[in-house]
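Number of protein chains: 2
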Amino acid sequence: MATMHDVARLARVSVSTVSYVLTGTRPISQATRDKVLAAVAELDYQPNAMARGLASRRSRILGLLMPMDERGLGATETAFVTGAAAAASAGGYHLVLSPVGGGDLDDLRRLASQRMLDGVVLMEVQLADERVTVLQEAGTPLVLIGRTGDTSTLSYVDIDFEQTVREAVAHLVGLGHRSIVYVNHSAATLASGYGPALRTRDAFVAAMAGHGLEPVMIPAEDSAAGGRAALAAAFARAPELTAVLAMNETAIFGILGELTGRGLSVPHDVSVVSMVTSPQVAELATPALTAMTSPGSAMGRIAIEALLRHLDGPGDERHQQLLPCALEVRGSTAVPRRPAQDAPGRSPTDGG
Amino acid sequence: MATMHDVARLARVSVSTVSYVLTGTRPISQATRDKVLAAVAELDYQPNAMARGLASRRSRILGLLMPMDERGLGATETAFVTGAAAAASAGGYHLVLSPVGGGDLDDLRRLASQRMLDGVVLMEVQLADERVTVLQEAGTPLVLIGRTGDTSTLSYVDIDFEQTVREAVAHLVGLGHRSIVYVNHSAATLASGYGPALRTRDAFVAAMAGHGLEPVMIPAEDSAAGGRAALAAAFARAPELTAVLAMNETAIFGILGELTGRGLSVPHDVSVVSMVTSPQVAELATPALTAMTSPGSAMGRIAIEALLRHLDGPGDERHQQLLPCALEVRGSTAVPRRPAQDAPGRSPTDGG
DNA sequence: ACGTTTCGTCGAAACGTTTCGACGATCATT
DNA sequence: AATGATCGTCGAAACGTTTCGACGAAACGT
Chain A
1 MATMHDVARL ARVSVSTVSY VLTGTRPISQ ATRDKVLAAV AELDYQPNAM
51 ARGLASRRSR ILGLLMPMDE RGLGATETAF VTGAAAAASA GGYHLVLSPV
101 GGGDLDDLRR LASQRMLDGV VLMEVQLADE RVTVLQEAGT PLVLIGRTGD
151 TSTLSYVDID FEQTVREAVA HLVGLGHRSI VYVNHSAATL ASGYGPALRT
201 RDAFVAAMAG HGLEPVMIPA EDSAAGGRAA LAAAFARAPE LTAVLAMNET
251 AIFGILGELT GRGLSVPHDV SVVSMVTSPQ VAELATPALT AMTSPGSAMG
301 RIAIEALLRH LDGPGDERHQ QLLPCALEVR GSTAVPRRPA QDAPGRSPTD
351 GG
Chain B
1 MATMHDVARL ARVSVSTVSY VLTGTRPISQ ATRDKVLAAV AELDYQPNAM
51 ARGLASRRSR ILGLLMPMDE RGLGATETAF VTGAAAAASA GGYHLVLSPV
101 GGGDLDDLRR LASQRMLDGV VLMEVQLADE RVTVLQEAGT PLVLIGRTGD
151 TSTLSYVDID FEQTVREAVA HLVGLGHRSI VYVNHSAATL ASGYGPALRT
201 RDAFVAAMAG HGLEPVMIPA EDSAAGGRAA LAAAFARAPE LTAVLAMNET
251 AIFGILGELT GRGLSVPHDV SVVSMVTSPQ VAELATPALT AMTSPGSAMG
301 RIAIEALLRH LDGPGDERHQ QLLPCALEVR GSTAVPRRPA QDAPGRSPTD
351 GG
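Protein chains in written order, with full-length UniProt numbering: chain A, 1 to 352; chain B, 1 to 352.
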């Protein structure tokens, strides 16, 4: 394995000159530069990451901290990781996936103190998240995915739940639906203050109100059984329902199963829209789900780019951005067969 | 940030003594050890990872190289990552996820040459995999997930496809099924020499032969549409079929949709077994799928442990291990309603 | 022609560990 | 009581970079 000394000797220059050529820190004449680069190529030289990290006090490693619970990563998180890794790679950084769960806060403290990570992206942030405190104490540059309760001081990227819900509701209303039920995460999750669940709830109420419609929200456990139960509850609360909007990616398969079980056809009897869902999951269902596609890959990229700016910049800048999910119409939404009670049979927006 | 010098000064010993206490490389008296540890605790000292890596020529970072194609990680791969990360963490190592796709072989070469990774776990290995060559040339310790064509020299962990298929077939035959169709990956994938597809094909033929039954295999594209087409093809080839064994986790949702579409009930008209599937995915279907659960987490752990042994040991040892998937019976398999043609009502293997 | 910048390069000192060789003490062996 | 081994500790030399200060040489203004 060639070192910088070898390159310097071969090019007949000093080590520092080689370093300046490679890092561009100081101006070097074209002639010398060529000599050095030729030597680098000939020796197939690669800088030693550890030595570079020690001397420059920059590891060029970024951490991606995700809960990694037993359910593992969904397709959305996966897209996020892919996007983040690509952006890190483009910036000359590596990305470390750390399975730092909720419990091992000491693990996290150790990780941050070892100076192995130049910066960190924190996923699945809770409204009150101890990990944030730990990392801030350690002085680690930080970008959040999601938002804490106090959003003022930190950089974050999050989904624009309000805009997303508004679009989803508009799509259904546009098709002629008047009775729409929103299936959220579980009551326990809501009670624990999970941001996305709370924000979508409020956004749903607001969006329905904007159309002069009654909002009905049903919480559901994160399982197929939870979805079935939620659908039963939905019909109990709103027997005339023609559309379901579901936040709960896991429950939605139960919802579909239960609808089929009741002899109801999707989309003609009941339309279904899945929120914050990846195309891969949406395609698994039959019919394929009309969904609000989460911008996973873009979020990963943006988060890393913000983090890199943090590292280079003066350090006092913040990046706060919301990204909406994109409506992708597939087979699970259509004009309702059962005409809306307070509307004519013809949908208001089908003038194609 | 405290350094080793600070600890040494506070404990009134030399730096090397501190190092010996911390690494256990040389014997140190209890009295000195106590002094040092007290100083460490007081200063909240954490060793600098870069300095340690440079001096010891060990980064304590392990790489997990996965294709990261646009489909992202399935639940099985996710479990693998989780298991691997936990094992690495337990061994005092960190795990780097690197999105090294097929194209950027140079990227991989660079990564290996930077001496940032002590060792590497390579996922989704092809029968002829250039990445293996690159890493071997760079002298990077290596463990494969999957097997190359020549299995003699390398360490690997893989699924025991033969055993898995045998169990799946035995389950179905035990229920009384006689006409079983195997839905594999696509013809193109088979032609490209993808190990799992080839191995399961051969294992299926062997297992069916063991029961004196006719093996029927249908290739299917990795999509819901591919699954539908495969099912149609299956009925064309074997109109009397009562069971489907599917390797293709994506196609299986299309298969289920098409069965429902044809008015056939799962499991009573047709039983379905999904191979190498995670419980999470199996639960998404209605009814929940009887599946051969892939040992994702265990594989991750075993691969990392083998890699760590590689790093400590003399370096010439190999670890080669096959893990079967475990049969988990859920709602998609049952005794066939349509009695088998060439057998009495009683199944040949149900002598419990 | 003479100071004064600017440019290109060099030598050496970090960076924070690990690890090697050495050296008194202590201990067992004769 | 002298002779080795063993134990515990120390000082110093790596490890392979980056980066600072310095220093000639060339280019500039006067």
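Honestly, the hints are just simulated from the structure, not real lab data.
Predicted model, so just to flag it, every value in this text is computed and none were measured.
Glycine is no exception: its CB is placed at the ideal position from the N, C-alpha and C atoms.
A portion of the hints provided could be inaccurate.
Here are some chain A residues pointing at chain B (derived, C-beta under 7 Å) [unchecked claim]: (1) Leu43; (2) Gln114; (3) Thr151; (4) Thr153; (5) Glu283.
Straight line, CA to CA, 25 Å or less: simulated DMTMM-like cross-link-like pairs of lysine to aspartate or glutamate [unchecked claim]: (6) B/Lys35 x B/Asp6; (7) A/Lys35 x A/Asp6; (8) B/Lys35 x A/Asp106; (9) A/Lys35 x B/Asp6.
Covered stretches of chain B (in silico footprint by chain A; criterion: 3 or more residues with CB under 8 Å from a CB of chain A, positions within the stretch not fixed) [said to hold, decoys possible]: (10) 37 to 48; (11) 81 to 90; (12) 148 to 161; (13) 171 to 182; (14) 247 to 259.
Cross-check of the supplied hints:
1. Leu43: With a closest approach of 11 Å, the A/Leu43 hint is violated.
2. Gln114: This hint holds: A/Gln114 lies near chain B, its Cβ roughly 4 Å from the closest one there, short of 7 Å.
3. Thr151: 29 Å, violated
4. Thr153: Since chain B brings no Cβ nearer than about 23 Å to A/Thr153, farther than 7 Å, the hint is violated.
5. Glu283: 6 Å, holds
6. B/Lys35 x B/Asp6: The given pair, whose Cα atoms are some 13 Å apart, holds under the 25 Å limit.
7. A/Lys35 x A/Asp6: 13 Å, holds
8. B/Lys35 x A/Asp106: 23 Å, holds
9. A/Lys35 x B/Asp6: 43 Å, violated
10. 37 to 48: holds (count 4)
11. 81 to 90: holds (count 5)
12. 148 to 161: violated (count 0)
13. 171 to 182: Violated - the stretch 171 to 182 of chain B has 0 residues with a Cβ nearer than 8 Å to chain A, which falls short of three.
14. 247 to 259: Per the Cβ count (5), the hint holds.
Going down the numbered hints, you'll see the structure goes against 1, 3, 4, 9, 12 and 13, while the others check out.
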